[in-house]
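Residue numbers (the working numbering), protein chains in the order written: chain A, 19 to 129; chain B, 353 to 467.
Because the hints were derived from the structure by calculation, they are not lab data. Check before you lean on any hint, since a few could be wrong.
[Said to hold, decoys possible] Keeping only pairs whose Cα atoms sit at most 20 Å apart, straight-line, the calculated EDC-like set for lysine to aspartate or glutamate is: (1) B:Lys396 to A:Glu121; (2) B:Lys396 to A:Asp45; (3) A:Lys60 to B:Asp390.
[Stated by the list, open to error] Take a look, some chain A residues computed to stay more than 10 Å from chain B by CB distance: (4) Asp45; (5) Ser46; (6) Glu74; (7) Ser77; (8) Ala96.
For every residue, glycine included, the Cβ atom is placed at its ideal position computed from N, Cα and C.
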Amino acid sequence: KQEVTQIPAALSVPEGENLVLNCSFTDSAIYNLQWFRQDPGKGLTSLLLIQSSQREQTSGRLNASLDKSSGRSTLYIAASQPGDSATYLCAVETSGSRLTFGEGTQLTVNP
Amino acid sequence: NAGVTQTPKFRILKIGQSMTLQCTQDMNHNYMYWYRQDPGMGLKLIYYSVGAGITDKGEVPNGYNVSRSTTEDFPLRLELAAPSQTSVYFCASSYSFSKGNTEAFFGQGTRLTVV
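Please construct the entire structure, taking both the sequences and the accompanying hints into account.
Written out as structure tokens, the structure is:
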């Protein structure tokens, strides 16, 4: 059974800092890995999707990497802003197009 | 472009009542999913569908039923609501891996309280 773990569970940083969120998964037989953002009381917004054959994806200040063999992904946020405050979820897609989610990292960026 | 639309946004049910959560998508995605999210937790898969007429159980299907009569709609039925079903429910859709981009799109959620 695929299990996804995100560390840390919560993170508080001052504005402008670069930060890394971690995601690990137990079964390396994945099709892709997706990072989502969730604002309080809202749905999930897709940030980045990395196919299993890719090593990283970038979108603006966000960079996600994937090391499938070791079962790890990182989400790097450069020059963090208060507007980045949210919960970040990673999910891996396995056979049958089923997404397995981690429990998320709650990020607070302080002005 | 509406994406994935869920109704209602909020609902309070009494124990033993039934209700249907509606979900529709306009992206012609073949895959659709229902997840629940309990406070401080990740999302758990309830049911999913790989196409019209095909549904399958996820991780936590007990107490729920689904149907998929069209590509666009994937309603979730709660029979005999219980307090343990108090949660936020998310519907999602995507293309299958064989169609290339499998990015998942989510609705805004339905917050359900069973009292």
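| field | Hint numbers not upheld by this structure, sorted from lowest to highest | value | none
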